Each structure stands twice: as structure tokens, then as C-alpha cells.
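A.B. asks: Residue numbers (our numbering), protein chains in the order written: chain A, 1 to 320; chain B, 1001 to 1320; chain C, 2001 to 2294; chain D, 3001 to 3294.
Hints listed in this document are in silico derivations from the structure and should not be mistaken for laboratory results. On a predicted model such as this, the values are computed, not experimentally measured, just so you know. Even glycine gets a Cβ: it sits at the ideal position worked out from N, Cα and C. Honestly, I wouldn't trust all of these hints.
As the list claims (entries may be wrong) - Facing chain A, from chain B, some residues (calculated, C-beta under 7 Å):
{"no.": "1", "residue": "Arg1090"}
{"no.": "2", "residue": "His1091"}
{"no.": "3", "residue": "Trp1176"}
Said to hold, decoys possible - Pairwise CB distance ranges, derived in the manner of DEER restraints:
{"no.": "4", "chain 1": "D", "residue 1": "Thr3243", "chain 2": "C", "residue 2": "Lys2249", "range": "36 to 44 Å"}
{"no.": "5", "chain 1": "B", "residue 1": "Glu1318", "chain 2": "C", "residue 2": "Cys2036", "range": "53 to 61 Å"}
{"no.": "6", "chain 1": "C", "residue 1": "Val2086", "chain 2": "B", "residue 2": "Ala1301", "range": "31 to 39 Å"}
{"no.": "7", "chain 1": "C", "residue 1": "Gly2250", "chain 2": "B", "residue 2": "Glu1016", "range": "54 to 62 Å"}
{"no.": "8", "chain 1": "A", "residue 1": "Glu168", "chain 2": "C", "residue 2": "Leu2247", "range": "50 to 58 Å"}
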Amino acid sequence: MARHVMDFERPIIELEEKLAELKRLEIAGMPELASEIEGLEAEIERLRQTLYAALSPWEKVQVARHPERPKTQDYLEMLFTDVVELHGDRHHGDDEAIVAALATFDGRRCVVLGHRKGKTTKENIRRNFGSPHPEGFRKAQRAMKLAEKFGLPLVTFLDTAGAYPGIEAEERGQAWAIAECLATLSDLAVPVVVVGIGEGGSGGALAIGFGDRLIMLENAYYSVISPEMCALILHKDASRAAESASCLAMTADDLVRLGIADEVVKEPLGGAHREPEVVFARVAEAISRALTELCGSDGAALAEKRYARLRAIGVVAEGE
Amino acid sequence: MARHVMDFERPIIELEEKLAELKRLEIAGMPELASEIEGLEAEIERLRQTLYAALSPWEKVQVARHPERPKTQDYLEMLFTDVVELHGDRHHGDDEAIVAALATFDGRRCVVLGHRKGKTTKENIRRNFGSPHPEGFRKAQRAMKLAEKFGLPLVTFLDTAGAYPGIEAEERGQAWAIAECLATLSDLAVPVVVVGIGEGGSGGALAIGFGDRLIMLENAYYSVISPEMCALILHKDASRAAESASCLAMTADDLVRLGIADEVVKEPLGGAHREPEVVFARVAEAISRALTELCGSDGAALAEKRYARLRAIGVVAEGE
Amino acid sequence: MPINDWFKARENRKYTVTSSASGDLPDGVWVKCASCKHTLYQGDLARGAWVCPHCAHHFEMNAPDRVALLADDGSFEETDAGLTSVDPLRFNAAKPYTESLAKAREKSGLTEAIITGRAAIGGHPVVLGAMDFRFIGASMGSAVGEKVTRAFELAEAEQRAVVLVTASGGARMQEGMLSLMQMAKTSAAAERLARARLPYVSVLANPTTGGVTASFAVLADVVLAEPGALVGFAGPRLVEQTTRQSLPKGFQTAEFLMEHGMVDAVVPRPDLTVTLATVLDYLTGGCVAAGGAS
Amino acid sequence: MPINDWFKARENRKYTVTSSASGDLPDGVWVKCASCKHTLYQGDLARGAWVCPHCAHHFEMNAPDRVALLADDGSFEETDAGLTSVDPLRFNAAKPYTESLAKAREKSGLTEAIITGRAAIGGHPVVLGAMDFRFIGASMGSAVGEKVTRAFELAEAEQRAVVLVTASGGARMQEGMLSLMQMAKTSAAAERLARARLPYVSVLANPTTGGVTASFAVLADVVLAEPGALVGFAGPRLVEQTTRQSLPKGFQTAEFLMEHGMVDAVVPRPDLTVTLATVLDYLTGGCVAAGGAS
Ligand SMILES: [Zn+2]
Ligand SMILES: [Zn+2]
């Protein structure tokens, strides 16, 4: 298994490799290594605790981008049943970077939206690495309106580096498509539960990324700008992304602190990809709680509350 | 003046040319021609009455397509003031084959829509000879919704051979764009006054072509299919269009008889292009009457009445 | 656009028996699949919902078979069965419209190009309609327009969903402007159902073109299409003639339309009934009292 | 997208004096038009609404000049003048945010990147807002978002129209997620004004990009743009870097956007005030009681 290794976990990986070698030697007839092996195992565990349990924002970004991290389609498959995918924006195309579906969560009929990255290069090319074009947002808007029309709660999964900054995307009105999603979502008369599962890149995430509840995975991020781009602007040096990541208040904990996110779902040590089942169960539990709380309300009241919630975001001084 | 000559008026034109020649000779010193000239003038007048006063449906189609016939932009210019053109569908492009504008009719604020043919070849190419693509219908739909939102009556001018049957038009959902116009227009809570000024080709005309009043110019047509296409299907021979034209019940008078149009605006002998000012005045009067009647009503009542009106169209037998 | 392309559509039909309609074929007749050229026993075909067992080619289905396929057993109750076309324009070019009507009735055993009625699909009360291409290319005249409009009105009155399976060459030119206006009338009825927040699901079958596509067929909340179905506004022959360009591969097929964002899903016929039932589960299964103003 | 392109925008600015702002220029200073290279007397320029008399190039305008240009004489009454940004994240990369704020205030004489207030345009009561690019690229942080939101709310409360002139590099990254969320907040406020059927007209001035374009700026009933204005989501440099393609001619100019269906009209600045007044005449001059359900 050629597991993807993140920079900051390289020391652990090296020790793990050494451990594997020792174990081979032991089996091959060197039982005297047993205590050394035991020591190394303890060291690895300590290192793991040290490294994984206190990831820096930039390290979390690495985890959020980990190729083996569970993706929207995994949550759709593991948490939902009776999935009927809805294709197309009825204007231009079907953007595979965003999935829209009718899906049932624990017996509850929902509309699901999510950014969809690929798991293979081929998939990623088709899905543009999860960066939507305008038709993706317009499909999402269409699904939102369908949800509203029939009183279906909306559950969305965020995992995008951002809306695609391409020529055709601009020609087809990327800004317009995002803005219309925002307007529609802001006033949608059904419950909206948002789950940040990986990357939350700027306007492309926000277009389907706010609602009545925002559940963030521990290592998911959500940011106004990518740390690299921020570093490029501030320092003219993208490699100073780690610094930017620390400044931007983009981690799950930051979002709770700022009053934007409601809760953080703990990930297994090392990231969601290490024990996906645990993550699915925890996310399911969080969604379940949110839907149970929200589904009793009447649509207009939900929209009103959502506005009040949005209205309160921001920190200003009022002089004069 | 190289006036466009329609086939059926060729006998008149020939006599007119002969008359011109006689007049030249008379002036050149042959006063004895005076009585012959007088006789010819009378003959021309008789022929005119015979030919123009009883045009066949196919001849009316020729008049409706006459290149010098007043066009949507002429009505917009002559009948309206303070025109602000609204461009674009907010998705793909700005289709010049349909014009959308804020415009004032006799002090009354309106939204105007119309098919827009060109007057020169260059204009016609840009405007695709008045045959819209989906973005034209989507612009129209946007303008309709704007009219409804702000309580502005909608006045539309029909003059198209039909929606464009092209590859890109199909790719961008020509049928979808038309259907959505129909649905929007059917329930629009403001007065809708439609004026058939030239060609009324099928779904492309209908998309902006029904409402609370349908005013047809005497020689305008409105048809489910072009006479040529109908002949091609029925006789495998497009040149038998005249026969088809007679079968299709597509003239202004037919439409009144069928309960689809409300009134016919008489044209000058020979067609609207012969005395445009007269036509503008008559059309203005008809629009004025319609708007005066409709503008007092409340929006919902208008939409309800429009549905009843549509609901009554069609002739069926009910057996059992 | 009118039925200018049912010639083309006819060519595109992939069976080789004179009449496509399952109901016409006595058991024991052999049919050749125009797609894979296999010779098939028509009884097997009918039992397999008219999908070729070798290549999955979807044969056209007539309206009664469609109803039998989709409606829960014994649930269908036809409405407006006696509503038929007349000849308001005394249309008589090439051949009298009355003659075309008589022939269509005889050939199809139907009174008009669409069957409508109350039904249940997966237990959901619906108004179900199915068009029949054998009836003058399932073109829409006053009778089809009226039956479709009544289907929407009945659904609203009885709080049912609407499910329509379309197939049509377009407007019925023999009724002239009366036929064109049915596009507006049916769209208006669909719009009113939408305002009442009742579900409408359409299934675009081969071929759906012209005035039916450009009106009620595509105004559904969820638009499904059958694999390989030709769907469009202008028919392919007209597009080719007008543009003098060769058509892109797969032009106007259901799959092409999905790629261009126009249909929600292409559903193989064996999955159609359960997909419809599932979609209806959703569109009638909301947990929130309708509160939006849209 | 954030303000990643105000570098580019800055390059695109066509004046050559250090500060673009008309207010900054003492009478008697000469300015070179970057488009036609003519040297212009700045007093003349200011009197001509900052349009080059030789080539009609539209110089950028600061917010106070904008208000003076558009509001009926003496009608403007500023609101929320004391509402300012703070530094909620204690943002300190490259240079402290507080320092940027102080500098922007000093340079512009403004408290924030937008001025809002009650005004009349052609006699119509409006809430008017104008952004000022000199203030940290008119990026949208909490204060801009709050002022825009209050502008919409004030309009609804007092039954006024809203007219906003935008210019912005996008979201203000120094406020992190608080800044991104202003996109949702301002869009929500615009949506509520729309539901109340009150008119909103926006004017996209050079440059309007990122989070401002992708939120309230384009949600207007009528979207106008100034000639040559750069308008887009991602800035041109980012698009070029990402796609590694050369950009089409006129990419992201107002004219390009109109051709692509995104803006209602490109209006030369000398016509702007009267166009706004006329559009407001329409949007407040309906003859029918609002009855639609949309
Ligand atoms: Zn086969
Ligand atoms: Zn100049």
C-alpha cells in the first residue's frame, strides 16, 4: 500500500519503516531485537501523539487535502440510501465537480449537495479536481429550489480548493452563479446542514457552504483564501503558506471560536483517512442531531433564523 | 429606389414602369399621350384594388416578409420613449434576435420584447435574421420576470420565421428555453399585450406570443409551421407552399375567427411598408386601448383570466 | 416546431417490422433488432419491456404497454377516454385530416395520441399519461393538449403527482394555430401545478421533438429520459439542412442532453418504474411545511 | 476569490499619478491618460467626471466624487459613517492589519472602503453606496459587509431603492472567514430586498472582482457597468496562471461581459446619472399591483 505521506509525518514514517525492518530481522532469527522493537514502538506512539495530536493549521490543511481522505461520494454512499443523482443545470452542462442527489438519511428524505473530487487521476480530470464551473453552482441552485419546493432538508458536503478560475468559467458567469447560490441558500425555507469534510476554499465552498448548522471535521479547513495564495500576495512567496495558514483563522476550532461553525467532529489520530468508519459514524451522529432539531420547524421560521445567524457574523467598531 | 417586388405584384409593377415611360415621353414632347396615361393610371388603380385588396394567405406571407416592412425596432422607436435596452440572459450571451427594453408608451412605463430582424445584411447576420437562440428566450424570460416584479405591463412584437434550428441552439436547450418562457408568460401577473407585426413562426413566436390581447396586423401571419415546411412534409415539395398557406389558417382574420387574436389592424393597400406612419398610428391606438383596459386590473386576476383564455383554445369532441 | 421530423424519427426507429407497437404483434412473430441485428421472439421482447436482451436497445413502446409497465397492478383508471380530435380547419392537403385520424384510430386502437388516467406508482397516487407515436406521430392537437391540461388540473384537484411519458413529432399541423396554442395551454397548466407544489415527473421517450419538447415535456420537476431516445426542438434533418453542418456524434440523444445539462437522468427501462416510485417518494416525502415564496 | 488580483488591477489602472483619487489631487496638477497618453489638467478631468476628453477613457473615481456625481444636489445624508473595521484575528503577516487600516484611512480620508447613505437620484429616494478602491483595494471585511447589509435593510425599512457602485479586489483576507461570510450576509440582505420588491441597481466600476462580484454586486435587478471596467470572479492574472492559456481579447471587460449576457448595459459615465434616474423611473413606475408569486 503506497500510502500518501504528508511532510510533517515523515519522522513517524521513517521510524515505522525502521520498525518493519527490525521485525523482519527478528522473525528471520534475531529474537534479541524484541526489546529494541518494543522501545521503538513506544517511541513511535509518543511521536504520533506529539505530532498528530497538535497539528498546526498548515498541517491540518495537508490532512484535509490527503488523497485518501473520505470524500463526498463516500459519505453519500455510507450514510445515505436510495440515492437518485440529479444531473445538469438545464442551461449548459453537467458539472461533475458538484454532485446533486435525492438521498435518504436514516429514513429521512433529503437533497444532498457536495463538491466531488476524484479518487483516480482520470476521475479527477473529469471532476476538475473538485473545482466547479458555473454550471455546477447552477445545478446546485436548481437542487436547492427543488428541496425547498418539496420541503426536503438540504445536506451539503464541502470539499473544494475553490471555484475554478478558468476562461470559460468567467465567460459563463462564475461570479453570477455563485452569487445566485448565496441568495437562494440564504432564504431557503428548509433546513440546511453543512458538513466541512476537507477543503473549504473560498466562494466555491461558500456557494453551498452556509446554513442552519455548520459541522466541521477536526482537520477540515474553511478559508477566505488558500494559504498559498495569501502568502503569495503578502510575501510574494507561496512557500510561506504555513505562516498564512496560522493567520487566516481557518481551522475547525477557529470557526467555532468565530461563531461561524457549530461543532467539531473529532477525527482519529492522524486524520479521517486512517479510520474512515469512525468518521462516518461520528458525522452521521452529528447530521442526525442537526436534522432532528431542525426538521420540526416551519420553513419561513428557518429562513428567518438563518438570516439572524448570518446577520450576526462580523466584528466591527461603531464610533461617532 | 430599388423597391423589393413580390411575385404577385409584378403585373402592377410592369404597368407602373410602362406608365413611367409614357410620362417621360409626354414630357419629352408627346402631349398626345395624356389620355393614354390617364387610362393606364385608372387600370393600375383597378388592378391594385383587385390584387392588394384580396391577398391570398400565401401573398400575405410575402407581404409579412417584405424586407421594407416596419420592424420591431421601428415600433420601439416610433411608439415609445425613454428606451433602455436590457441585454443578456445572465448565462451565456446576448441574443440580438430578441430585443428586451424598458420603454415608455404614452407616459406608461412598460417592458417591451420583440423579435428583431436586421435591415441590412450585416444587421441580419448579427441578428440571425430574427431567429432566436435559447439565450434570446432566456433574456425574454428575465425581462418578463422583471416586468412582473415591478408591475410593468409587457408589450411584445412578433416577427420571426421561428426559433433557430441549429446545433448550438439544440445543445443549449432551445426547447427548454421556449418552454420556460411559455410557463412564465402564462402566469405573469401583469398585462401582456402582443402585436403580430410580420412573421409569427411557430414556437419561436409563441414564446413571447400570447397574452391578454393579441393584435394582428392585417398581413401578419402566425402559424404552427411555415407553409414551405408544411408543403415539404405533405407533398414532398416546398414549392406548393401557397396551398399549405391556405390550409393552415394562419392569417390575421383566421386567428380572430379561431378565437386566438382579438383584433386586426388594417394596413394600407399593398402592405404596411407603403405607408408606415399610418400603421404606427393604428398600432399605437390599439396598444393604447389594450393597456387602458388592462392596467386597472390586479395582477393575479390578470393571470387567472389569461389562463381561462388559453384554456378555451382548441376544438375537440367529447364522446362516450 | 411542428412534426417536420417524424420522417427522420421513423428512419431512426430501430425495428424492422412495419408497426412498432407491441400490441400489434401476435405472439410468435419474430422481430429484428436494428441495433444488434439479433432476431428476437416478440413474446420475449414484450415480457422484457421491449428492451433487446442482447444489446439493451430500447424499442418504442405503445401507450397501453407503457401504462401496464408503470402503473401498480390494477390501479389505472382512464380519464377522458372519449375526448377526441375533430377537424376544425377542414384540413385537406395531400390527404384529409379526417382520414388520417380514422386511420390512426384503426391502426392504434386508440382514440387519441395520449392515454391519461388516475393510477398509482409505487403506491403514490398519480395522474399518469403516456403518448403513442403510432397515432399521427403522437403530434399534439387540441385533443392531446386538452387531455394533458386536464391531467394537470385533475392532479391539482385531487392532490396527485403527475407522471407523463412523452413521445411526439411535435405540434399537429392539421389543426394549425389551434395546435400551436396547445403548447401555451399545457405549459400554463404545468405552471399551475408547480405553483401548487405538486410533483411532476416526465419521461422523455424516443422520439420527443418539436412543440411537445418545447412545452410541458421539459417543465417537470425531474426530467428523466430513456437511453438512446431522440429528444430535441428541431429534428436532426432540419438542423442538418439549415446549418449545412454534419451533426455531432450522438446529437440529440438522451445521453447527449444529459451531458448538456438538460435532463436529470437517463434511466434504462427495466429501472424506470422503481426510479419513478423512488423519485415520488422524495417529492412527496418532505419533512418541512412548504414555506418558500418561490 | 479574494483580493488576489488587485496587483493586476493596479497595473490596469490607467492613470500615472501615484494616487488615483480625484480628491487627492490639488488643482493644477497634470495627469497623463494611460490610454491615449494625453496630458490632462486634473481640474478639467474632475469637472468632466474623470473621463478623458480625448479618448473617453474612464479614470477610477473615489467614493465621495461618485456620490457627488450621482446624488441629486444636497440630497446625500451619510449613514453608518462611524462604522469601522477592527482587527478580530490580530492579523499580522507581512504587515499588521491595523497598520493597513490606519494607512488606508489616512490616504483616503474615509473610515471604510464604502460610503453609504440616503440620497435622491432623479428625485427617487434611494440608499446610495459607493466603494473606494483606495481603501485596501475596497476589499470587503466585516465593516463593508455590515454597511452594505444595513444599506439594504434601511432601504426596506424606508421603502427606498438601492443603488450601489462597486469596485473591489474581493474579500478582505485580513479578516479571514469573517470576511468570506460577508458574501453570504450581503447576498442574504439583497435577497430580502428582492422579496420586498424594492428596486436594486448596481454599477460595476473598474475593477470589481472576487467576493464582491460573486455576491451582492451582481444580484441587482438591473446591472450596469462602466466602459472598460474589469469585472470578474478570478482576476486575470490568476486565470492566466491557472489555465496557462492566453486570455481572449477584452477578457473580463464590461463589454466582454455584456456580450456574454452578464450585464444589462455598459453605460458611459456622462450618461450614468440620467440612466440611473430613468431605470428608477421604471422600477418604481409600475401600473399593476404586485401580484406575482415569484
Ligand atoms: Zn439488440
Ligand atoms: Zn485618453
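A.B. asks: Of the hints given before, which are not true for this structure?
C.D. replies: When the structure is compared with the hints, numbers 4, 5, 8 turn out to be violated.
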